[in-house]
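Taken in sequence, the protein lines are chains S and Y. The numbering used here applies: residue 14 is where the first sequence begins, and numbers increase by one. The numbering used here applies: residue 930 is where the second sequence begins, and numbers increase by one.
Keep in mind the hints are simulated off the structure, nothing from the lab. Possibly wrong hints are sitting among the right ones.
Okay, derived cross-link-like pairs now, DSSO-like style, lysine-lysine, Cα gap no bigger than 30 Å in a straight line [stated by the list, open to error]:
hint : chain 1 : residue 1 : chain 2 : residue 2
1    : Y       : K933      : S       : K68
2    : S       : K104      : Y       : K979
3    : Y       : K1216     : S       : K104
4    : Y       : K1118     : Y       : K1148
5    : S       : K104      : Y       : K1223
6    : Y       : K1057     : Y       : K1126
7    : Y       : K978      : Y       : K960
8    : S       : K104      : Y       : K960
9    : S       : K68       : Y       : K1126
10   : Y       : K1038     : Y       : K960
To be clear about the criterion: a stretch of chain Y counts as covered by chain S if any three or more of its residues have a C-beta under 8 Å from a C-beta of chain S, and this derived list gives those stretches [what the hints assert, rightly or not]:
hint : stretch
11   : 994 to 1004
12   : 1193 to 1206
In this text, a Cβ means the ideal position worked out from N, Cα and C, and glycines have one as well.
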Amino acid sequence: MATAAYEPRIVAFFCNWCTYTASDLAGTARLAYEPNAPVIRVMCSGRVDPQFVLKALQEGADGVLIGGCHPGDCHYQEGNYKALRRFRLLKRVLTQFGVEDERVRLEWISASEGDRVQHVINEMTHQLRALGPFHQARS
Amino acid sequence: MAQKPKVAFYWCASCGGCEEAVVDLEENILKVVDAVDIVLWPVAMDFKKKDIEAMEDGSIAVAFINGAVRMSEQEEWVHLLRKKAQMVVAFGACAHLGGIPGLANLNTKQQVFDTCYRDVPSNDNQAKTVPGLDSTVDGHHLHLPVFWDTVKSLAQVIDVDYYLPGCAPPPDLIWGAINAILTGQLPPKGAVLSPNKACCDDCPRKDTKPDKIEISEIKRPATHLMDPELCFMAQGFICMGPATRSGCGNRCIEGNMPCRGCFGPMDDVYDQGAKFLSAFASILAPKDEAGIDKLLDQIPDPTGTFYRFSLPTSLLHRRKTGAPV
Chain S
14 MATAAYEPRI VAFFCNWCTY TASDLAGTAR LAYEPNAPVI RVMCSGRVDP
64 QFVLKALQEG ADGVLIGGCH PGDCHYQEGN YKALRRFRLL KRVLTQFGVE
114 DERVRLEWIS ASEGDRVQHV INEMTHQLRA LGPFHQARS
Chain Y
930 MAQKPKVAFY WCASCGGCEE AVVDLEENIL KVVDAVDIVL WPVAMDFKKK
980 DIEAMEDGSI AVAFINGAVR MSEQEEWVHL LRKKAQMVVA FGACAHLGGI
1030 PGLANLNTKQ QVFDTCYRDV PSNDNQAKTV PGLDSTVDGH HLHLPVFWDT
1080 VKSLAQVIDV DYYLPGCAPP PDLIWGAINA ILTGQLPPKG AVLSPNKACC
1130 DDCPRKDTKP DKIEISEIKR PATHLMDPEL CFMAQGFICM GPATRSGCGN
1180 RCIEGNMPCR GCFGPMDDVY DQGAKFLSAF ASILAPKDEA GIDKLLDQIP
1230 DPTGTFYRFS LPTSLLHRRK TGAPV
């Protein structure tokens, strides 16, 4: 039986106001990029519970991408700062869990940066393709 | 006289504190002994595995099992007890969540053995002897249980009916659970026998919590004095209260120590450590990456702190196998 080549699966959480709008823009501008990161729209990057990241990894994702508004631009004033603090702390925990740095990423992408969505998803897909699948021991 | 219900107590990877907790029932233990027939309790009474094996399936009314499961022998015992008992109660944090032994899931079996039998300075083991599975001494053959790479909670090995949380469960919860079992007044299967609300909800320091907390210095009990009345989070100490189930009677808080999370998460929380991380990170003061990282440097072991009791039952269960050290 032929085995399908490994393709990384990335779960992307994009905030409604900036990064999701940017990915919409990338679409209308017909920017082609890797199809490996289906997007889940959340109202704010501050809505991304660290449990979502872990749940995605546990359920078979190879990477998680969080996209939010640039510092100072949050629609809810503080949400992206909370996201940043959670992310920095979560990264430390993930390192202790042996999860490689490339697998979980936070990016600030404003509504006008469609090309940035293209670049980030391409780059992350290529990195994870090189890194290989995330196998977590399950009980 | 009607036959008294049969009760078994068993311990797996545990410290013995849960056994103490049973004795802490004080005079109530006499009522327990009056009401039930204890058929297994290795810490206190002499029964053998073959005694249990000889019993009919389902003839034990309830088995209270404490400790995490990390060896093949423990696995055999809990499967045996599951077969013989109508009801299994995971007793204490280790059986419920994996507990302190579960922190070994940040390492492998090899690392645990290297540390315990080779590297610890207090060891006197010049021959570098490490326990093996089989050995023969003077013609006598010895077979030891398999030590697993991964520590598991009880429910990850057998079907569990109820959970009694805590390190160790407090006497009033144990007494309440025993009464509920004896009178048949039990919640639906799978319930944790403790109120489903956060520790902060009945914390004696609740009123001292300011509306908004901003932490710009993370303090530790070992290096900072603790105010005996003020909310620990407001002081800058890591207190697991917001992400921990109540019912403990605030024993740590009354002793002027922040909550460490032994009661585990509330219902509907997948991962206690991540939930706490989320709450805690949101109240840190800095907004820039460098400032955040500098503050976070003050937490030497975030995983060991946030997952102190719940690592095996966390979403990722253990350190990624094969990950470089």
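The hints, checked one at a time:
{"no.": "1", "hint": "Y/K933 to S/K68", "verdict": "46 Å, violated"}
{"no.": "2", "hint": "S/K104 to Y/K979", "verdict": "49 Å, violated"}
{"no.": "3", "hint": "Y/K1216 to S/K104", "verdict": "16 Å, holds"}
{"no.": "4", "hint": "Y/K1118 to Y/K1148", "verdict": "40 Å, violated"}
{"no.": "5", "hint": "S/K104 to Y/K1223", "verdict": "14 Å, holds"}
{"no.": "6", "hint": "Y/K1057 to Y/K1126", "verdict": "49 Å, violated"}
{"no.": "7", "hint": "Y/K978 to Y/K960", "verdict": "27 Å, holds"}
{"no.": "8", "hint": "S/K104 to Y/K960", "verdict": "51 Å, violated"}
{"no.": "9", "hint": "S/K68 to Y/K1126", "verdict": "23 Å, holds"}
{"no.": "10", "hint": "Y/K1038 to Y/K960", "verdict": "43 Å, violated"}
{"no.": "11", "hint": "994 to 1004", "verdict": "violated (count 0)"}
{"no.": "12", "hint": "1193 to 1206", "verdict": "holds (count 7)"}
Checked against the numbered hints above, the structure breaks hints 1, 2, 4, 6, 8, 10, 11 and satisfies the rest.
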